[in-house]
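Add chains A and V to chain B, keeping to what the hints say.
Protein chains in written order, with the numbering used here: chain B, 54 to 206; chain A, 54 to 206; chain V, 54 to 206.
Be aware that one or more of the hints could be misleading.
To be verified - With a straight-line cut-off of 25 Å between C-alpha atoms, the simulated DMTMM-like cross-links for lysine to aspartate or glutamate are:
1) B:Lys131 to A:Glu204
2) V:Lys103 to B:Asp159
3) A:Lys131 to V:Glu204
4) V:Lys131 to B:Glu204
5) V:Lys103 to B:Glu108
6) V:Lys131 to B:Asp109
7) V:Lys103 to V:Asp156
8) A:Lys103 to V:Asp177
9) B:Lys131 to A:Asp159
10) A:Lys103 to V:Glu108
11) A:Lys103 to V:Asp159
12) A:Lys131 to V:Asp177
13) A:Lys62 to A:Asp177
14) B:Lys103 to A:Asp159
15) V:Lys103 to B:Asp156
16) V:Lys103 to B:Asp111
17) B:Lys103 to A:Glu108
If you are wondering where the hints come from, they were derived from the structure by calculation, not from laboratory data.
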Amino acid sequence: MSDAETRLKQLGVALPSPAAPVANYVPFVRTGASLYVSGQVSLGPDGLMKGRLGEDMDIAAGQAAARQCAVNLIAQVKAALGGDLSRLRRVVKLGGFVNAAGDFTDIPQVINGASDLMVAVFGDAGRHARSAVACPTLPLGAAVEIDGVFEVS
Amino acid sequence: MSDAETRLKQLGVALPSPAAPVANYVPFVRTGASLYVSGQVSLGPDGLMKGRLGEDMDIAAGQAAARQCAVNLIAQVKAALGGDLSRLRRVVKLGGFVNAAGDFTDIPQVINGASDLMVAVFGDAGRHARSAVACPTLPLGAAVEIDGVFEVS
Amino acid sequence: MSDAETRLKQLGVALPSPAAPVANYVPFVRTGASLYVSGQVSLGPDGLMKGRLGEDMDIAAGQAAARQCAVNLIAQVKAALGGDLSRLRRVVKLGGFVNAAGDFTDIPQVINGASDLMVAVFGDAGRHARSAVACPTLPLGAAVEIDGVFEVS
Chain B
54 MSDAETRLKQ LGVALPSPAA PVANYVPFVR TGASLYVSGQ VSLGPDGLMK GRLGEDMDIA
114 AGQAAARQCA VNLIAQVKAA LGGDLSRLRR VVKLGGFVNA AGDFTDIPQV INGASDLMVA
174 VFGDAGRHAR SAVACPTLPL GAAVEIDGVF EVS
Chain A
54 MSDAETRLKQ LGVALPSPAA PVANYVPFVR TGASLYVSGQ VSLGPDGLMK GRLGEDMDIA
114 AGQAAARQCA VNLIAQVKAA LGGDLSRLRR VVKLGGFVNA AGDFTDIPQV INGASDLMVA
174 VFGDAGRHAR SAVACPTLPL GAAVEIDGVF EVS
Chain V
54 MSDAETRLKQ LGVALPSPAA PVANYVPFVR TGASLYVSGQ VSLGPDGLMK GRLGEDMDIA
114 AGQAAARQCA VNLIAQVKAA LGGDLSRLRR VVKLGGFVNA AGDFTDIPQV INGASDLMVA
174 VFGDAGRHAR SAVACPTLPL GAAVEIDGVF EVS
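One chain only, chain B, in its complex shape (with noise of 0.2 Å):
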């Protein structure tokens, strides 16, 4: 088991089955030694992590819903590596997208919980470059969605 396996179990993290979109693009796509992942929404277990941070979300629940976005993210890079994530040599950048209203400005926060749940999982190969604004809505009314370029083996 590699150590990002071990890590996901420590913190009780299931890997979903990596969501297959439903259309003509994919979850994502590799040139080089550079996988892009198509950006995930904040689809949990239980259902669609809906809402709108300043509005009807508070900070925690928004970063529980980055988190999850980045469990997602996770998920699609064990599928793009055969399921082997000593593969995945760093995480590049991270952009983040928070369903925010217009007085709400704490959207770092909120996609601090994807940050940390990558370093929680891949140390310092979890640092990465990110952006993080706010959008007016989100697909199907998503909290967060997050896409991510790694670099990988």
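For chains A and V alone, kept in the frame of chain B given last:
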């Protein structure tokens, strides 16, 4: 004529002369095998396709706007490749931004207008990772903006 | 002194000590020849440049905020390159996010504040692909956030 050119013709898609930005940015930059194309708005032969989903534009019109963004992306890729679309190896990633009201959640369906065209034109090489999010407004009031990363030879 | 440093001096731009994120993400990650820099907000020497275009901030102020994001991006690039900006080969892509009211559409003009600085500092190597979109709010109420991809040696 490349396969992609043949399919464009069969689809009745005429590529526009690629728009040249009027500022200090450029339509595309190549680094290694990756071609980054600037965000293309829904500018069609009859002018800018303006509107806000969930307010004054329905999903079908939004899909047509997204499709037009894809047409404009392909025109830029062709220009970057010296006119030879057979040098496109893969559509790697599309970043889709939909001008949408706060209660509109069918964002993926809108961006499918672009994803579907990429696969219609490039086949499996057109399958891509993507993100799809909403914005409260877009340049000049455009309904959709999409940028892209492409692998080229 | 590199050409870029000379131009920065001529422009009267003092690079700040690059901000270190206070969370589990980092200011930049290099993968191959690509340097990904985290989204930089419009934080200047006099504090955060806050505001919403089309509401309480005009285009000139927005351009100044975008320019400051570019200054902060350059500071991070310099840090990533061990202080030697001559190792920057190309500004590849800027992702621009403008805090804007729903009826504001001059988003490209705002982001030009960043694009113009890149070309003023780096010449042709500063010409980049970009996207420019709006957000209903940004971290801490910043007026602009911009992330970037750079080709480095």
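Hint check results:
no.: 1; hint: B:Lys131 to A:Glu204; in the structure: holds (22 Å)
no.: 2; hint: V:Lys103 to B:Asp159; in the structure: holds (14 Å)
no.: 3; hint: A:Lys131 to V:Glu204; in the structure: holds (22 Å)
no.: 4; hint: V:Lys131 to B:Glu204; in the structure: holds (22 Å)
no.: 5; hint: V:Lys103 to B:Glu108; in the structure: holds (21 Å)
no.: 6; hint: V:Lys131 to B:Asp109; in the structure: violated (41 Å)
no.: 7; hint: V:Lys103 to V:Asp156; in the structure: holds (19 Å)
no.: 8; hint: A:Lys103 to V:Asp177; in the structure: violated (33 Å)
no.: 9; hint: B:Lys131 to A:Asp159; in the structure: violated (28 Å)
no.: 10; hint: A:Lys103 to V:Glu108; in the structure: holds (21 Å)
no.: 11; hint: A:Lys103 to V:Asp159; in the structure: holds (14 Å)
no.: 12; hint: A:Lys131 to V:Asp177; in the structure: holds (22 Å)
no.: 13; hint: A:Lys62 to A:Asp177; in the structure: holds (18 Å)
no.: 14; hint: B:Lys103 to A:Asp159; in the structure: holds (14 Å)
no.: 15; hint: V:Lys103 to B:Asp156; in the structure: holds (12 Å)
no.: 16; hint: V:Lys103 to B:Asp111; in the structure: holds (23 Å)
no.: 17; hint: B:Lys103 to A:Glu108; in the structure: holds (21 Å)
Hint violations for this structure: numbers 6, 8, 9, all remaining hints satisfied.
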